[in-house]
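S.K.: Chains as they are written, first to last, in this note's numbering: chain A, 1 to 293; chain B, 1 to 194; chain C, 1 to 665.
Rather than coming from a laboratory, the hints here were simulated on the basis of the structure.
Incorrect hints may appear among the rest.
Computed spacing ranges between beta-carbons, pair by pair [said to hold, decoys possible]:
#1 B:A69 with A:L132: 43 to 53 angstroms
#2 B:Q124 with A:D116: 54 to 64 angstroms
#3 B:R30 with A:G268: 50 to 60 angstroms
#4 C:R455 with A:G96: 47 to 57 angstroms
A few chain A residues facing chain B, derived, Cβ under 10 angstroms [said to hold, decoys possible]:
#5 E21
#6 V94
#7 E179
#8 C194
#9 F199
#10 V247
Cross-link-like lysine-lysine pairs, in silico, DSSO-like; alpha carbons within 30 angstroms at most [what the hints assert, rightly or not]:
#11 C:K478 with A:K219
#12 A:K89 with B:K172
#13 A:K107 with B:K179
#14 B:K157 with A:K114
#15 C:K388 with A:K219
#16 B:K157 with A:K242
#17 A:K176 with C:K341
#18 A:K273 with B:K172
#19 B:K179 with A:K72
#20 A:K219 with C:K233
#21 C:K208 with C:K233
#22 B:K172 with A:K107
All C-beta atoms in this analysis are idealised placements derived from N, C-alpha and C, irrespective of residue type, glycine included.
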Amino acid sequence: MGKPLNYSYYPGCSLHASASEYDLSTRELFNVLGIGLTEVPDWFCCGATPAHNVDELLSLALCAKNLELADKVEGDMAVACASCFSRLKTAQHVLGVSDVKRTQVEKAIDAPVKLDSNVKHLLEILAKDLGLERLAAAVNKPLSGLKVACYYGCLLTRPSDVPNLDCAEAPTIMEKVIEAVGAETVAWTHRLECCGANFTLSRPGVVIQLTNAVLESAKAAGADCIMVGCPLCHGNLDIRQKEIEGVYNTSYGLPVFYLTQLIGISVGLGADKLGLDAMMVNPMPLLKEKGLL
Amino acid sequence: MIKKKMIISQETMDVDFVRKVEALAGTSVRRCFQCGKCSAGCPMATFMEHPPNRIMRLLQLGQWQRVLAGRSIWYCVSCETCTTRCPNTVDLASIMDALRKLSWDSDGASKESYVQLANKLFLQNIRTYGRQYEMRLAAVFNVKSGQFLKDLMLGPKLIAKGKLKMFHSKNKNISEIEKIFTRIEEMRKKGDAL
Amino acid sequence: MSRIGVFICHCGENISRTVDVERVAQEVGRLPGVAFSTDYKYMCSDPGQTLVKKAIQEQKLSHVVVAACSPRMHEKTFRKAVEAAGLNPFLCEMANIREHCSWVHENREEATVKAIDIVGMMVERVKKNRILPTITVPVTKRALVIGGGIAGIQAALDIADCGHEVILVEREPSIGGHMAQLSETFPTLDCSQCIMTPKMVDVANHPKIKLYTYSEIELVEGYIGNFQVTIKKKARSVDEDKCTGCGVCMTKCPQKKIPNKFDQNIGMRTAIYVPFPQAVPNTPVIDRDNCTWFKTGKCGVCQKVCGPGAIDFEQQDTLIVEAVGAIVVSTGFDLYTIAEKPKGSPIKGYGEFGHGKIPDVIDGMTFERLASASGPTGGKILRPSDGKEPKQIVFIQCVGSRAREKGISYCSKVCCMYTAKHTMLYHHKVHDGQAYVFFMDARTPGKSYDEFWRRSIEEEEAVYIRGMVSRLYQKGDKIVVMGSDISVGVQVEIEADMVVLATAIQPQKGADALAQKLGISYDKYHFYSEAHAKLRPVECATAGIYLAGACQGPKDIPETVSQASAAAAKVMALFSRNQMEREPIVARVREAGCVGCFACKKVCAYGAVEEKEIRDRQGNLIKVVAYVNPGVCAGCGTCQATCPSKSVELDGYTDEQIIAMIEAL
Ligand SMILES: Cc1cc2nc3c(=O)[nH]c(=O)nc-3n(C[C@H](O)[C@H](O)[C@H](O)COP(=O)(O)OP(=O)(O)OC[C@H]3O[C@@H](n4cnc5c(N)ncnc54)[C@H](O)[C@@H]3O)c2cc1C
Ligand code: SF4
Ligand code: SF4
Ligand code: SF4
Ligand code: SF4
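Okay, chain A solo, but in the shape it has when bound (with noise of 0.2 angstroms):
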């Protein structure tokens, strides 16, 4: 056993609402690892698509202060959500790249800003820090037989340079992670395509449109079920898949997994502790055909 893992866990304000399944499941799974997760105190909005959209400044600031925050916990910074995490790596990059910007953050919120604390995906902890060995030795339920369409969607890996999570064309982490619990994985095109993040609330009908591409790729492809890391592209692809079957007149009934939850299943933990009953897409039918609960 490597050292002990512990992190500042920021959650990012989804996984406090319409998100809670992938804060109480990573929650559980990490207690079940034995990894550390303290919330980052009195944490604040990242400020999101929307900030940085028309305010880069407003967005560099509101994430400059989280960083702060979470310097006061030790550990790394343990992102959940896709868009927090692209928004605290980014801030990062341009606040180390730009004198000119870092002055006027560190005007704005009035105190020096950090850029020393490493920020992670959870991904990142699962296949990196924990190591895909130890995880995969935790398992005590393989999901042999389920066949999972990894959707990384836009923020997790782009763009090249900035997240360095993984490669932003040909990424794995994903895949590596649900194929070390004992899911199969399938090839599918529209794995890193957009689903129209944000705009679910201001242009919906560009969401449903985008969202339904990514949907018949992955039921073409031969999935059972997806897997995001990502609050906003399982809005779209859990709550809006209902209505997006009866836009374009088919059916999908592809439950859309939170790794966590996914994960979650593999080393034990029951529905109740995975938050599966809030899932749109009902993922009970599965699990039981494939005898996973």
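Use these hints to put chains B and C with the ligands onto chain A, whose structure you have.
M.R.: Positioned in the frame of chain A, the structure of chains B and C with the ligands alone reads:
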């Protein structure tokens, strides 16, 4: 649609605007050589009247009015595909951010009211609560955008699944967030920041 | 007392625009030791040089300073003029007031003051210049040509036809290079093999050409006119003298499924093989990594069937030393691949195009092999995945080229033209098919080139789409091409049967290692550098070494052949003399001061420092000192800077001269 002839001269090419965009976006506008790879991969290109490469072109010519007059920049979803694949390492997604900021500042030069409204509400929420409360965001958005019935079917289901919280609390350190907002406003007033 | 003449050049307006040249002439005229100073519009012109010569004679000048452009440009010119006027050429120095002054400053007053300083420094320096005798060295009239592509073949034939011996070294088992792989060639569409093979045979039969194939350069020593080159001849496992080239061995070899690199790995070959039927020499080699005998000690079928008993499993690599007077480097290019590159590599692959894992996404050279009558499909365009004929074929230009993000920003120059050619070949072979080309712009300068490109569109019905491709992915047995047409301003999607990528031209792998052996310079991509981009495009800065073909930068065949013949002409000019002169800017050891530490020997990149024994009259050894071989010394001055006892001095750049310059400031 009638397209106005573009009269090009040193006067009509607004280089200062371009410099402002470059400063905000931290990337070069001139570097783009119009290969169109950004537009080829942009998930939103079909919704835009100017595909991303043309936005770059108009910028190169200093024709910002043409860029801001349309909705294109508000259809960009910040997926970063363009930035990732540009052969010239032009950070086009950041240019889009910069353009939206400049449009936002000039208050309504661009016509994409829904996205603007959503952004506005989102930022207001942060300012008031420190965090985002989706229920409130969605409800207010629907009221303000006059689409009372939008996603009506989803609401109750989400509440039943615990996905929309009816009540929310403020951050304990909420005053700090207000300070950040005001400091930025002051810096801008003084001209210390764009 | 020295009588120095100072000549200030206006360089048209290049210098006089920012530097007050008259004032410079006046002020330096007052410096001690300066007997004459003047300015003139073009000092390098004939009247300008005459002015210098006349002044030397009339004013009885002892030294000359020409304040003008860089010495790289005109030092030779003025030293020649000075020599013609009866002065030793090394008593003339140039002060660079153009590149170092007028071109880089705007303020006239400041630039003028700086120019006066620069000239003043050179005045002090030239006072300490010594008369240097020119050094002559003998010339070995044999040439080495490295790389047997069309460039090397052409250079070798030209030099050999002039009556000089040529050693041609090729790394692969056969000469021919990339041109041998091509099907038909732009802009005339003549068959590459048909024009190439006769030249290859000429090489094989030429009495003056000694061919080493399957060989590499191990070591290069010496200098212009006198190189010693060590060549490693790799074990072929076949005795070249005994082999008749009958080919029986290849028909019997049981290992038949080895991808043939010559066919871009789509065709197969045996373990004992010649890369292609027209190979020169026609002697097979055994690929030891794939041969059953070498892997298991069993088999030996080829040995049993070979009539003349040419198979020799025991053969070893051998080293051969050859003396040559000049070297032509013609190692050609390699094609960029979109495969994932190792972490930390400055060049990136194309994940968005599938990193080379989509079977029917091929490169241009693979297309050449498919289109070639002697290729693996007998000239039929067939998909590698299932052997079907593609009906919708997409070509993408500038893959890897003009892509800073991937680490290459240059244009590969030949791919616009060969892509146009490919659309034609495709149209000739698949009548009911359609070719599409994604491109940014068509770069077709060259005789009949643009007409060729237009023909592909107007007559051969290729559809050119101005825009690049964001992503390629496999969908069923189709490849989805996500592109855009920027003229129309819309996204374009094509479901293609096959995609051909015009990938970038890169220098050969190992080009940097060879350059280091040769002591020649290369750019950041490892293309070899010419001595002057415009005026010395076929010579290296290292004397006696010349460049030909794509190793210097992307080139098509006509350009390659022109450069090869030009390099050959340079070699022949060198060989027209029995002896040659070289600049006496070499290091000299003051033997009295030398303590024999040989720090200089360790740092000399050219191996010019030798050990010399000093003996008294009885022959007793007194000490061992360093000796700089003036024939080898390149005049870099590293030894001078290294010597702890200050006993080495570089003629023309002595400490005394440098200190005089500093003190003049
Ligand atoms: C797909 C494609 C199609 C083309 N079509 C055309 C066309 O239609 N018309 C046209 O004009 N041009 C065409 N070209 C360009 C043409 O191929 C080049 O101009 C030409 O091959 C350059 O010749 P070269 O001798 O300089 O290099 P090469 O052909 O690369 O030859 C170099 C030789 O040096 C050898 N070598 C390398 N390193 C060493 C070493 N260290 N020691 C010893 N030997 C070494 C190599 O093995 C090789 O034999 C095409 C190029 C491509 C990629
Ligand atoms: S991909 Fe880059 S270079 Fe090409 S058009 Fe877009 S911004 Fe310009
Ligand atoms: S970031 Fe915006 S412009 Fe760029 S590809 Fe995505 S949606 Fe299109
Ligand atoms: S090695 Fe022997 S069998 Fe093979 S080609 Fe030469 S002579 Fe013929
Ligand atoms: S020659 Fe044409 S295809 Fe090749 S890099 Fe240059 S522009 Fe691109």
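S.K.: None of the hints should be skipped; say for each whether it holds.
M.R.: Okay, the hints, checked on the actual structure:
1. B:A69 with A:L132: 43 to 53 angstroms: 52 angstroms, holds
2. B:Q124 with A:D116: 54 to 64 angstroms: 33 angstroms, violated
3. B:R30 with A:G268: 50 to 60 angstroms: Given a distance of about 58 angstroms, which is inside 50 to 60 angstroms, the answer is holds.
4. C:R455 with A:G96: 47 to 57 angstroms: 53 angstroms, holds
5. E21: 8 angstroms, holds
6. V94: 7 angstroms, holds
7. E179: 25 angstroms, violated
8. C194: 4 angstroms, holds
9. F199: 6 angstroms, holds
10. V247: Since chain B brings no Cβ nearer than about 13 angstroms to A:V247, farther than 10 angstroms, the hint is violated.
11. C:K478 with A:K219: Judged against 30 angstroms, a Cα distance of about 18 angstroms means the pair holds.
12. A:K89 with B:K172: Since the Cα atoms of A:K89 and B:K172 sit roughly 26 angstroms apart, the hinted pair holds (cutoff 30 angstroms).
13. A:K107 with B:K179: Roughly 11 angstroms between the alpha carbons, so the hint for A:K107 and B:K179 holds.
14. B:K157 with A:K114: 42 angstroms, violated
15. C:K388 with A:K219: 28 angstroms, holds
16. B:K157 with A:K242: Given that 30 angstroms is the threshold and the Cα spacing comes to 12 angstroms, the pair holds.
17. A:K176 with C:K341: Since the Cα atoms of A:K176 and C:K341 sit roughly 20 angstroms apart, the hinted pair holds (cutoff 30 angstroms).
18. A:K273 with B:K172: 29 angstroms, holds
19. B:K179 with A:K72: Holds, because 20 angstroms separates the two Cα atoms, which is no more than 30 angstroms.
20. A:K219 with C:K233: 58 angstroms, violated
21. C:K208 with C:K233: 20 angstroms, holds
22. B:K172 with A:K107: 22 angstroms, holds
Violated hints for the displayed structure, listed by number in ascending order: 2, 7, 10, 14, 20.
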